[in-house]
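Chain order of the listed sequences is A and B. With my numbering, the residue at position 35 of the first sequence is 35, and numbering never jumps. With my numbering, the residue at position 95 of the second sequence is 95, and numbering never jumps.
The hints are simulated quantities; they were obtained by calculation from the structure and are not laboratory data. Just so you know, even glycine gets a beta-carbon here, dropped at the ideal spot from N, CA and C. Don't take each hint at face value.
Said to hold, decoys possible - Just the calculated beta-carbon pair ranges, DEER-fashion:
1) V15/B <-> V121/A: 17 to 23 Å
2) V73/B <-> L130/A: 58 to 64 Å
3) M112/B <-> V121/A: 53 to 59 Å
4) V15/B <-> N132/A: 45 to 51 Å
5) E75/A <-> I34/B: 52 to 58 Å
6) G35/B <-> R133/A: 21 to 27 Å
For reference, the chains in residue letters:
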Amino acid sequence: MRNPRTFLLALLVAAHWAAAAPAWAQEAAPAAEDPVLEKRMMKIAEVLRCLVCQNQTIADSRADLALDLRQQVREQLKAGRSEQQIIDYMVARYGDFVLYNPPVKSTTWLLWFGPFALLGVGLGVLYIKLRNRGRRTDASLTEAERARAESLLAGDERRDEA
Amino acid sequence: MKRFLLPLAVFLVLVVFLAIGLRLNPHEVPSPLIGKPAPAFRVPTLAEPGKTIGRDDLVGKVWLLNVWASWCVSCREEHPLLVDLSKRGLVPIYGLNYKDAREDAQRWLREMGDPYVASAYDREGRVGIDYGVYGVPETFVIDQAGVIRYKHIGPVTPAALESKILPLIRELDAKS
Numbered sequence: 001m002r003n004p005r006t007f008l009l010a011l012l013v014a015a016h017w018a019a020a021a022p023a024w025a026q027e028a029a030p031a032a033e034d035p036v037l038e039k040r041m042m043k044i045a046e047v048l049r050c051l052v053c054q055n056q057t058i059a060d061s062r063a064d065l066a067l068d069l070r071q072q073v074r075e076q077l078k079a080g081r082s083e084q085q086i087i088d089y090m091v092a093r094y095g096d097f098v099l100y101n102p103p104v105k106s107t108t109w110l111l112w113f114g115p116f117a118l119l120g121v122g123l124g125v126l127y128i129k130l131r132n133r134g135r136r137t138d139a140s141l142t143e144a145e146r147a148r149a150e151s152l153l154a155g156d157e158r159r160d161e162a
Numbered sequence: 001m002k003r004f005l006l007p008l009a010v011f012l013v014l015v016v017f018l019a020i021g022l023r024l025n026p027h028e029v030p031s032p033l034i035g036k037p038a039p040a041f042r043v044p045t046l047a048e049p050g051k052t053i054g055r056d057d058l059v060g061k062v063w064l065l066n067v068w069a070s071w072c073v074s075c076r077e078e079h080p081l082l083v084d085l086s087k088r089g090l091v092p093i094y095g096l097n098y099k100d101a102r103e104d105a106q107r108w109l110r111e112m113g114d115p116y117v118a119s120a121y122d123r124e125g126r127v128g129i130d131y132g133v134y135g136v137p138e139t140f141v142i143d144q145a146g147v148i149r150y151k152h153i154g155p156v157t158p159a160a161l162e163s164k165i166l167p168l169i170r171e172l173d174a175k176s
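Same shape as in the complex, but just chain B:
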């Protein structure tokens, strides 16, 4: 019997590694920007082409940057949650409208509700590249000093909001 113990142990170790591997999502690539200053940008707002918005306007408060597009199916999924969050008034949400047509994006917000204080209009996806965006939606938590503290990849779920994002915002708010 003893001669089977070693292969059994090796097998069990393998099973544990494979089980961990199955649970990892290869599409969730950790961002190197966590803990770094949010990249500066200045682009027109979605609502008014004549007005611009930039990172520096938002320094001094904790804010969420939600990357979205009207062509993005998962954005539709998370949108009611963002609308609800904006009504709770816990944190200002700013949008980064990514590679979208202005009319489509504006219509989308009229139909689905607008949770954003303002949306930056990133027609060419350049701001997106600076933020390491590789899929939509993505959501960043940015602190008073303009440092990225957290990045959520994919649609924000109620679980992610309650267990990660809101506690972090409370913690950051408490510091100021």
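Bound-form chain A, shown alone:
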């Protein structure tokens, strides 16, 4: 600490850390309070989509809404509601989109079975193509064709005019 300014900066950083520590402690408190509950809550949160950052689950996201919804799950678990009841509660408010695993129903058939249908179509096309190719190799030459092929091989006729 040669420089008094560096010292001051270090002091400020230390003060900041000291001030921030209680805030962290507060945030972590619910987990310490009841690890079993927290584990159950996270298990449910992992199947729910955060609607603010849509590619994250409520368990992953740090969005305000995700924090609130995790708190909701926590409270409802404490109140003795089952996992399914809590998931139904979320679906009633945010729709099927809140589920990371979309349910199989008529509106999601295309989503669930579309890729398999496409795969089937692809296999079908492949089968037809391969069968046709097989047939073509079977084709034998007519007498005239054979005679022309022989003369070509013998060099009597030149295909290349240039």
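Mind docking chain B on chain A? Use the hints.
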């Protein structure tokens, strides 16, 4: 030439699907609450902590529920439109002040104008969760029977107001 027709057709179908996909807004998640009774709530009003407001106070008329907050940038964008709408007297607008500090919200209304008959003060965002709010602003059209008829996600635009919200309100008003 004929052998190119099928790949071309497949390509065109793909282009159409991608074009539709580009126009969809993934942030507009359809609400399952449309056609369902608006969730009940009872919370203090923003203006007076001692007074409460709830859904049941508003049954019997068509009303708008606008979810807003002083920290919400898009709310600032739509606010003049709401102030203007309130002056036209076509429909009462009620606010749901979402996860806000009371003083900030009150100051915001003093500065920007207050289009709301009253604002419900949802400090913890619990009413918001019941209404499936996942962003601010959102606006609900609720009919005489207390059923949610429409939800607008994001700031209300003049186009959305004239083409969707006002026609719906006129239609609902005509029924009573």
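Now for the hints, and whether the structure bears them out:
The given range of 17 to 23 Å is respected by V15/B and V121/A, whose C-beta atoms sit roughly 19 Å from each other. Checked against the hint of 58 to 64 Å, the C-beta distance between V73/B and L130/A comes to roughly 59 Å, which is consistent with it. Take M112/B and V121/A: their Cβ atoms lie about 57 Å apart, and the range 53 to 59 Å holds. Between V15/B and N132/A the C-beta distance comes to about 29 Å, which lies outside the given range of 45 to 51 Å.
Distance hint check for E75/A and I34/B: the Cβ-Cβ separation is about 27 Å, which falls outside the suggested range of 52 to 58 Å. The hinted range of 21 to 27 Å is not satisfied by G35/B and R133/A, whose Cβ atoms lie roughly 56 Å apart.
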